[in-house]
Structure formats: structure tokens, C-alpha cells
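Undergrad: These are the residues of each chain, in order.
Protein chains: 2
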Amino acid sequence: MAKKKKGLIIVNTGKGKGKSTAAFGVVLRAWGRGLQICVIQFIKSEKGKWGEVKAAQKLGIDWLSTGDGFTWRSKDMDETIARAQYGWKMAQEKITSGKYDLVVLDEFTYLLDFEWLDVNEAISWLEENKPPMQHIIITGRNAPQELIGYADLVTEMKEIKHPYKEQEISAQPGIEF
Amino acid sequence: MAKKKKGLIIVNTGKGKGKSTAAFGVVLRAWGRGLQICVIQFIKSEKGKWGEVKAAQKLGIDWLSTGDGFTWRSKDMDETIARAQYGWKMAQEKITSGKYDLVVLDEFTYLLDFEWLDVNEAISWLEENKPPMQHIIITGRNAPQELIGYADLVTEMKEIKHPYKEQEISAQPGIEF
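Quick note, the sequences are listed as chains X and D, same order.
Each residue of the first sequence is one higher than the last, beginning at -15 in our numbering.
Each residue of the second sequence is one higher than the last, beginning at -15 in our numbering.
Note that these hints are calculated values from the structure, not bench results.
Do not rely on the hints blindly, as some may be mistaken.
No copy is singled out in the list; a pair is fine if it fits within one copy or between any two copies.
[Unchecked claim] Quick list of in silico lysine to aspartate or glutamate cross-link-like pairs, EDC-like style, CA-CA up to 20 Å:
| # | residue 1 | residue 2 |
| --- | --- | --- |
| 1 | K(-11) | E160 |
| 2 | K(-10) | E160 |
| 3 | K(-12) | E160 |
| 4 | K(-1) | E143 |
| 5 | K145 | E130 |
| 6 | K114 | D102 |
| 7 | K1 | E143 |
| 8 | K(-11) | D136 |
| 9 | K28 | E160 |
| 10 | K145 | E111 |
| 11 | K(-10) | D136 |
| 12 | K(-10) | E111 |
| 13 | K114 | D46 |
| 14 | K83 | E111 |
| 15 | K78 | D46 |
| 16 | K(-10) | E112 |
| 17 | K28 | D62 |
Quick caveat: nothing in here was measured; it's all calculated off a predicted structure.
Work out the full structure: start from the sequences and follow the hints.
TA: Written out as C-alpha cells, the structure reads:
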């Protein structure tokens, strides 16, 4: 049987580091090949502060940050949930725009895990609307089983050793953010 | 106690995907912040073919590929081992050159795992010679315990689901390479 090409659903999950950075590594690779890329960050808010956002601006990669920087610890849950749902609406527009070969939904699993968005609804929507050759990378902890079932490629990033817990080392600019 | 800053030794290991791409994501982030970066690929050979190499060329990131594309399956082990050792010599020069904030040793663990290079000698050399604020990212399967002990941050990439085994899907340019 001939091998087929298709747009992949890739999920990077687990408690370890590297979920988002592995997505950004694919962004770098895809950019190197001239693919059209859109990144939507669902939790992070402070646009322009992060190394990867600075890089994206320089490279002409579309990058949206729709979060308010909070999750379940938000003081205004209505606001946080509304932002998440707005982020998903933006993502749906980008996915169906026909402009992108690769769409990254960074920290999207939290919307599903906290049930701000129904996982089966999200999957049904993707099944019906995602362009067949478009790749989507979804990152975040606690990817629901339904999403794992739907995805083509799932990797768990597992923490073996972490310096900020075991040693008194602060997060390093350019490496951690 | 005040938190300290230091150059980190980061290891991405395990059988799953995302070890190298997470390193390349940090490269993108670091580049976004104007850090000086060198990537040395110990196994891959075909320079210019990969999406990430094309990207690095456009971004002015120093990128060396010292491998011949083979590992333990090489038909000429002397050549393969000599290339690996030459790669390590190049890495040592880059690390001590004073030019780089971040050095990526991609697929370096194989040199240690196959014992082409002694892990304790490599660690001793790094302890004595690595500039204190320089970050090093080492990728590859089967990171030796000595290296895990020496590293600040270690993540295992664990395969949960892989499309090329479970489905008849070919590797996709821009995503996989």
C-alpha cells in the first residue's frame, strides 16, 4: 500500500518541559521550508515579551496571544473563560481561512481539561472543518483521552530532573521564555 | 536565598519525538532575544536539506552537521566513529570560543551510548571548560545516567502514539524534517 500524505494532528502533553518548545521547533522547521504558520497561545498574555514572540515578529509568523495569563487560579473566571472561548473562535477562523499549512494551538488542552470547551465538540468541529493537508499542533498538560484518540501523533514530555525545584536557579531569558 | 543564574545543561532524551525539535524551539526563542547560537548535529549529514537547516541559514545561526547519516548500522564504523570524534572536537572549539550563549549538541547521546566517547571524560571536559553562563542542550535517546546526574534539566520524550507505525502515513516535509 502506498503511503499517504495528510495533515497531522500532533499533541505534546505531559508534565515535563518541551511541549511548547517542540511545537516552536516545528514552527522553525516549517518556516525554513516556506510554510505558512499561525500560532495561537491560549494562556499566555503578554505579547512581545517572550523570546518566541519576538522571533515570530521578526520572521513574519502570525502569532496571537488570547489568554490573560491566568488559568484555574484566575480571580475573574468569567473573564478567563470568555477569553479562552474567544481564543477558540479565533483559532477556528485561522484554521478555516485557507491561509495556513500549520496552526499551533499552544496550551489548548487546558480549555478542554477545565471543560471551558467540550472536547467532543472541538474534535467534531476539527473533523468537519480542518483542511485535509493542514497540520495542527496542540500543546498542554492533561490532554483528554478523546483528543489522544483523535490525534495522529502524541508525545508525553516527562520530567526527569528540573533545576528550579532541585536547585535555587531562576528561569533564564532566551531559554525558558 | 537569592536565586542564581547559570548556564544550564539541558538533556532531551527518550524514544518519543520532540527531543531535537524542543531544542530547535529554544533556538528560536534564544534567537528572538538576540542570543548567539551554535548547533552541531552529530548524526545527520545532509546539510541544507532539512527545514531547520534552511531556517538557520536564513537566520544566521551557526549550524554544523558532522555525521554521515549512519549510526550503529554504518558499513564503515571507523569512518562513523572518526566523524563522531571530529564532531566532538568541533563542539569543544565552539563551546570554548566565547562566541556562543547557547550550544546545541543534537543527537550527542549516541556517541556516549555507543561508547565512541567516554561519558565521564566528556562531563569532566565540560565541567572544566564550559563558560559558566553558556547553556548547552544535548539531545538523543538513551542518555547515560552519568549525563543525567550532571545535567540541570532532563526531560524524557515518551511516545504515546505514532502515525507512521499505526497508519500508513509518510513523513511530512516541514513537520518531520
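Undergrad: A separate judgement is required for each hint: does it hold in the structure or not?
TA: The hints, checked one at a time:
When the C-alpha separation of K(-11) and E160 is checked against a cutoff of 20 Å, the pair qualifies only between copies, where the shortest distance is 12 Å, while the shortest distance within a copy is 34 Å. Proximity of K(-10) and E160 under a CA criterion of 20 Å is satisfied inter-copy only: 12 Å between copies versus 32 Å inside one chain copy. In this assembly of identical chains, the alpha carbons of K(-12) and E160 lie at most 20 Å apart only when taken from different copies (14 Å versus 37 Å within one copy). Taking the closest pair of Cα atoms, K(-1) and E143 come within 20 Å of each other both inside a single copy (6 Å) and across two copies (14 Å).
Taking the shortest alpha-carbon separations for K145 and E130, only the inter-copy value of 13 Å comes in at or below 20 Å, while the best intra-copy value is 29 Å. In this homomeric assembly, K114 and D102 come within 20 Å of each other (Cα to Cα) only inside a single copy, at 17 Å, whereas the closest approach across copies is 49 Å. For a Cα distance limit of 20 Å, the shortest separation of K1 from E143 qualifies both inside one copy, at 7 Å, and across copies, at 15 Å. Taking CA atoms no more than 20 Å apart as the test, K(-11) paired with D136 passes inside one copy only; the shortest distance there is 12 Å, against 39 Å between copies.
Within a single copy, K28 and E160 get their C-alpha atoms as close as 14 Å, which meets the 20 Å cut-off; across copies the closest is 26 Å, which misses it. When the C-alpha separation of K145 and E111 is checked against a cutoff of 20 Å, the pair qualifies only between copies, where the shortest distance is 19 Å, while the shortest distance within a copy is 38 Å. Taking CA atoms no more than 20 Å apart as the test, K(-10) paired with D136 passes inside one copy only; the shortest distance there is 10 Å, against 38 Å between copies. With identical chains, the CA atoms of K(-10) and E111 are at most 20 Å apart within one copy only, with a shortest distance of 13 Å there and 46 Å across copies.
With identical chains, the CA atoms of K114 and D46 are at most 20 Å apart within one copy only, with a shortest distance of 18 Å there and 37 Å across copies. Taking the shortest Cα distances, K83 and E111 sit within 20 Å of each other inside one copy (18 Å), while across copies they are farther apart (48 Å). Taking CA atoms no more than 20 Å apart as the test, K78 paired with D46 passes inside one copy only; the shortest distance there is 10 Å, against 33 Å between copies. Within a single copy, K(-10) and E112 get their C-alpha atoms as close as 15 Å, which meets the 20 Å cut-off; across copies the closest is 48 Å, which misses it.
Taking identical chains as interchangeable, the C-alpha atoms of K28 and D62 lie at most 20 Å apart only when both belong to the same chain, with a minimum of 17 Å there against 49 Å between chains.
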